[in-house]
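Student: Residue numbers (the numbering used here), protein chains in the order written: chain A, 1 to 113; chain B, 1001 to 1112.
Calculated from the structure, these hints are not laboratory results.
Quick caveat, the model's predicted, so the values are computed rather than measured.
Glycine included, every Cβ here is placed at the ideal spot set by N, Cα and C.
Among the clues, some could well be false.
As the list claims (entries may be wrong) - Part of the chain A face toward chain B, derived, beta carbon under 7 Å: (1) Tyr-31; (2) Phe-91; (3) Thr-101; (4) Pro-106.
Claimed, not checked - Going by beta-carbon spacing under 7 Å, a handful of chain A positions derived as facing chain B: (5) Glu-18; (6) Val-43; (7) Gly-107.
As the list claims (entries may be wrong) - Here are the simulated lysine to aspartate or glutamate pairs, EDC-like style, with alpha carbons at most 16 Å apart: (8) A:Lys-83 / A:Glu-18; (9) A:Lys-78 / A:Glu-53; (10) A:Lys-42 / B:Glu-1039; (11) A:Lys-78 / A:Asp-63; (12) B:Lys-1042 / A:Glu-53.
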Amino acid sequence: EPEVTQTPSHQVTQMGQEVILRCVPISNHLYFYWYRQILGQKVEFLVSFYNNEISEKSEIFDDQFSVERPDGSNFTLKIRSTKLEDSAMYFCASQRGQDDTQYFGPGTRLTVL
Amino acid sequence: GESVGLHLPTLSVQEGDNSIINCAYSNSASDYFIWYKQESGKGPQFIIDIRSNMDKRQGQRVTVLLNKTVKHLSLQIAATQPGDSAVYFCAENNNAGNMLTFGGGTRLMVKP
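Please put together the full structure from these sequences, using the hints given.
Tutor: Spelled out as structure tokens, the structure:
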């Protein structure tokens, strides 16, 4: 069964550094998402992406964040200058059509020191 | 150690019993609801969904009930097994966009 994959599984970085989190969505899916989950808290929406542009973004997704689909398979989340409060699990999700289920990847744990 | 976060309600059941996990949602415009299961260190895993034109939907060992009048969603798991132990989240979508809004989660613990 096709799955969303994410790399790395764990990223440790220093405050102020840039990080890129990578996702490979399910191959025939058209809608892509990033969510995050601070330890012990709810899963929170960050951004959705369709047709090579951002469809929606939350207040969390400020100008330090960006997303890109650089080729036909990868979907990336970049944080330009990480802050301590960016430490969280980051989940990528993909969806075939607008009314279909969102399938989540296993997540990347980001630790900012 | 772990940082302080939301205190998750916990449901503890005996293996073989039925489990009922509840969720209240706030947005009356939401028209699509999903239950996800999250095991420790993993991403949310889709269990079952329901649209607002239905009040009940059944899957394998799971049933979702939707009461739009009181904005309440429940997940029933029949014959609960140790492998069902996880945190269960409800999520809603209002179809104005595709973002999912997640609830706070319930931890299900199954005693053998």
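Student: For every hint, state whether the structure bears it out.
Tutor: Results of checking the hints against the structure:
1. Tyr-31: 6 Å, holds
2. Phe-91: This interface hint holds because 5 Å falls under the 7 Å limit.
3. Thr-101: 5 Å, holds
4. Pro-106: 5 Å, holds
5. Glu-18: Where the cut-off is 7 Å and the nearest Cβ of chain B is about 24 Å from A:Glu-18, the hint is violated.
6. Val-43: 4 Å, holds
7. Gly-107: Since chain B brings a Cβ to about 5 Å from A:Gly-107, closer than 7 Å, the hint holds.
8. A:Lys-83 / A:Glu-18: 10 Å, holds
9. A:Lys-78 / A:Glu-53: The given pair, whose Cα atoms are some 15 Å apart, holds under the 16 Å limit.
10. A:Lys-42 / B:Glu-1039: 14 Å, holds
11. A:Lys-78 / A:Asp-63: 10 Å, holds
12. B:Lys-1042 / A:Glu-53: The given pair, whose Cα atoms are some 28 Å apart, is violated under the 16 Å limit.
Of the numbered hints listed earlier, those contradicted by the structure are 5, 12.
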